Amino acid sequence: MGKVKVATVWFSGCAGCHMSFLDIDEVLIDLVGRIEFCNSPITDLKVFPEGGVDVTLVEGAIGNEEQLELAHTVRAKSKIVISLGDCAVTGNVPALRNGIPPRELIEEIYGTSRTTNGALPYEVVPRLLERVRPLHEVIPVDYFLHGCPPPAGLIAKAVLALLDGKTPELTGADLKFG
Amino acid sequence: MLRVVCVSGRGGEDAVGLGECPVVRDLADGGDLVDKLRVKIDGRTILAAPGKTILEVAEENGIHIPTLCHLDGLRDVGACRLCIVDLYGQLVTSCTTKVADGMEIGTQTETVRAYRRTILELLFAEGNHVCSFCVSNGGCELQDLACELGMHSVRVPYTYRRERVDATHPRFLIDRDRCVLCGRCVRVCQEVEGAHTWGFAERGVTARVITDLAVPWGTAESCTSCGKCVEVCPTGAIARKGASNAEMRKHPELVAELTERRARG
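Chains U and G are the protein sequences, given in the same order.
The numbering of the first sequence is the numbering used here, which starts it at 248 and goes up by one.
The numbering of the second sequence is the numbering used here, which starts it at 126 and goes up by one.
If you're looking for bench data, these hints aren't it; they were derived computationally from the structure.
Remember, predicted model here, so these are calculated numbers, not experimental data.
Positions of the beta carbon are idealized from the N, C-alpha and C atoms, including for glycine.
There's no promise every hint is true.
What the hints assert, rightly or not - Capping the alpha-carbon separation at 25 angstroms, the derived lysine to any residue pairs in SDA-like fashion look like this:
{"id": "1", "chain 1": "G", "residue 1": "K366", "chain 2": "G", "residue 2": "E288"}
{"id": "2", "chain 1": "G", "residue 1": "K366", "chain 2": "U", "residue 2": "V340"}
{"id": "3", "chain 1": "U", "residue 1": "K413", "chain 2": "G", "residue 2": "G275"}
{"id": "4", "chain 1": "U", "residue 1": "K404", "chain 2": "G", "residue 2": "K165"}
{"id": "5", "chain 1": "U", "residue 1": "K413", "chain 2": "G", "residue 2": "H277"}
{"id": "6", "chain 1": "G", "residue 1": "K366", "chain 2": "U", "residue 2": "V371"}
{"id": "7", "chain 1": "U", "residue 1": "K293", "chain 2": "U", "residue 2": "K413"}
{"id": "8", "chain 1": "G", "residue 1": "K375", "chain 2": "U", "residue 2": "K250"}
{"id": "9", "chain 1": "G", "residue 1": "K375", "chain 2": "G", "residue 2": "S350"}
{"id": "10", "chain 1": "U", "residue 1": "K326", "chain 2": "G", "residue 2": "H277"}
{"id": "11", "chain 1": "U", "residue 1": "K404", "chain 2": "G", "residue 2": "S278"}
{"id": "12", "chain 1": "U", "residue 1": "K413", "chain 2": "G", "residue 2": "L274"}
{"id": "13", "chain 1": "G", "residue 1": "K165", "chain 2": "G", "residue 2": "G176"}
{"id": "14", "chain 1": "U", "residue 1": "K326", "chain 2": "U", "residue 2": "G400"}
{"id": "15", "chain 1": "U", "residue 1": "K413", "chain 2": "U", "residue 2": "L278"}
{"id": "16", "chain 1": "G", "residue 1": "K375", "chain 2": "U", "residue 2": "A420"}
{"id": "17", "chain 1": "U", "residue 1": "K326", "chain 2": "U", "residue 2": "L275"}
{"id": "18", "chain 1": "G", "residue 1": "K366", "chain 2": "U", "residue 2": "L343"}
As the list claims (entries may be wrong) - Covered, in the sense of this in silico footprint (three residues per stretch, anywhere, with C-beta under 8 angstroms from a C-beta of chain G), are these stretches of chain U:
{"id": "19", "region": "294–303"}
{"id": "20", "region": "329–341"}
{"id": "21", "region": "410–420"}
Kindly generate the complete structure, drawing on both the sequences and the hints.
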């Protein structure tokens with residue numbers, strides 16, 4: 248059997264979920280032999296593989312137009328999509344801006360900043376969506392890994408179950424937010 | 126174990142469903158001889174004292190029903206709806222429904238579980254429950270319910286409600302984004318402390334708990350600053366000021382202890 252193709256993407260989140268993924272310690276050695284990392288902020292591969300992947304782990308909520316578009320690509324090209332962490336599952340911290348008009352946010356953050364001399368980044372950075380949304384409000388999601396970040400053991404458990412062709416059993420304390 | 130004193134063949138006066146159900150007499154908690162009712166919970170026949178709720182009978186017999194607004198020592202109001210059970214195809218709140226002879230109750234049917242989960246998701250969607258930086262993270266009854274009821278995701282759109290935090294009280298604060306309107310604070314303030322500081326205002330999605338006549342908590346003259354509302358609040362909505370996450374562990378069981386001691390005199 249060939250290696251299982253795994254991708255991870257990073258939307259509106261702090262990268263803590265990726266850190267927790269790396270924190271699975273010796274399980275990583277097991278994974279190296281069994282998976283092929285296709286697209287990940289960890290490997291710095293920037294283009295989502297054309298040929299598609301088996302599993303994509305998604306960290307972060309959907310906060311701008313680029314993320315929204317990539318989320319649809321991820322769904323179209325992945326057999327299994329996993330929401331990795333509370334931002335992807337609930338919106339979490341990035342969603343705290345919901346209710347504040349994006350223009351006001353941009354003007355507050357960039358308009359008053361000395362480093363940008365008050366220039367507003369409407370052309371160079373992706374436009375913010377009206378509100379931040381959890382991943383499953385945008386595309387269908389197969390599994391949800393809760394936690395801020397999800398414990399390394401939980402990530403290992405889910406990924407290893409999938410590699411064995413099983414459904415990860417996520418119950419009880421696995422579903423603890425925060 | 127139940128002490129069955131006498132079994133007769135006649136139906137109880139309030140008997141429903143079973144018709145000629147034998148009446149079982151037993152010593153009630155107070156020592157009086159009463160007719161026991163016969164109910165079936167999840168297929169198990171159980172003898173129950175009249176006047177008890179389905180929830181009480183279930184708990185006495187080791188059958189767990191999830192609850193949120195219920196708290197031992199406070200009057201039950203059926204606010205959160207999470208303790209619903211199946212009673213002849215109808216969903217009723219087990220904390221406010223008294224047992225009757227012949228009742229057949231299902232506490233874990235597929236319908237009951239599906240509704241409980243939806244109710245829980247609505248609670249999460251209606252508030253702004255961001256566990257990751259909540260003072261009650263790890264000590265929250267709502268968070269525990271998500272684990273217990275298997276809530277993988279909230280399938281309804283989040284409302285991202287934004288309420289102002291009231292930190293005008295010198296020792297406590299309320300973050301209404303985290304409030305589930307269980308009314309424990311309202312009841313404990315009224316029934317145990319007798320201060321009547323907390324109350325409900327408005328209805329539906331705009332409903333909220335208020336202090337006195339919707340004045341800032343710090344200016345609510347009726348508040349005795351006893352802190353009972355902090356202890357009973359199931360989430361991080363009402364918390365102690367300056368408490369870290371590790372320090373903010375609540376003790377809602379103190380209420381039952383207090384009311385039991387008062388009853389003993």
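Structure-based check of each hint:
1. Restraint check for K366(G) and E288(G): the C-alpha separation of about 18 angstroms stays at or below 25 angstroms, so the hint holds.
2. Straight-line distance between C-alpha atoms of K366(G) and V340(U) comes to about 22 angstroms, which keeps the hinted pair within the 25 angstroms bound.
3. Taking the CA atoms of K413(U) and G275(G), the gap is near 19 angstroms; set against the 25 angstroms cutoff, the hint holds.
4. Using a Cα cut-off of 25 angstroms, the hinted pair K404(U) and K165(G) is violated, with the two alpha carbons roughly 40 angstroms apart.
5. Using a Cα cut-off of 25 angstroms, the hinted pair K413(U) and H277(G) holds, with the two alpha carbons roughly 18 angstroms apart.
6. At most 25 angstroms may separate the alpha-carbon atoms for a hinted pair to count; K366(G) and V371(U) exceed this at roughly 43 angstroms.
7. Annotation: proposed proximity of K293(U) to K413(U) is violated, straight-line Cα distance about 30 angstroms (limit 25 angstroms).
8. For a cut-off of 25 angstroms, the pair hint linking K375(G) to K250(U) is broken: about 49 angstroms separates their Cα positions.
9. With a CA separation close to 16 angstroms, the supplied pair K375(G) and S350(G) stays within the 25 angstroms bound.
10. At roughly 19 angstroms between alpha-carbon atoms, K326(U) and H277(G) fall within 25 angstroms of each other, so this suggested pair holds.
11. Taking the CA atoms of K404(U) and S278(G), the gap is about 19 angstroms. The hint holds against a cut of 25 angstroms.
12. Between K413(U) and L274(G) the CA atoms are separated by roughly 22 angstroms; this keeps the pair inside 25 angstroms, and the hint holds.
13. Note on K165(G) and G176(G): the hinted pairing holds, with a Cα-Cα distance of about 16 angstroms set against a maximum of 25 angstroms.
14. For the hint linking K326(U) to G400(U), the alpha-carbon distance of about 23 angstroms falls within 25 angstroms, and the restraint holds.
15. In summary, the hint linking K413(U) to L278(U) is supported, as the alpha carbons are separated by about 16 angstroms, within the 25 angstroms threshold.
16. Only pairs whose Cα atoms come within 25 angstroms are accepted, and K375(G) paired with A420(U) is accepted, the gap being roughly 20 angstroms.
17. About 22 angstroms separates the Cα atoms of K326(U) and L275(U), which keeps this hinted pair within 25 angstroms; it holds.
18. As the CA atoms of K366(G) and L343(U) are separated by approximately 22 angstroms, the hinted pair is consistent with the 25 angstroms bound.
19. Taking a C-beta to C-beta cut-off of 8 angstroms, the region 294–303 of chain U contributes 0 residues in contact with chain G, too few for the three needed, and the coverage statement is violated.
20. Evaluation of the coverage hint for the region 329–341 of chain U: fulfilled, as 7 residues show C-beta separations to chain G shorter than 8 angstroms, against a requirement of three.
21. Chain G is given as covering the region 410–420 of chain U, and this holds because 4 residues of the stretch bring a CB closer than 8 angstroms to a CB of that chain, at least three being needed.
In terms of the numbered hints stated before, the structure departs from hints 4, 6, 7, 8, 19, listed from lowest to highest.
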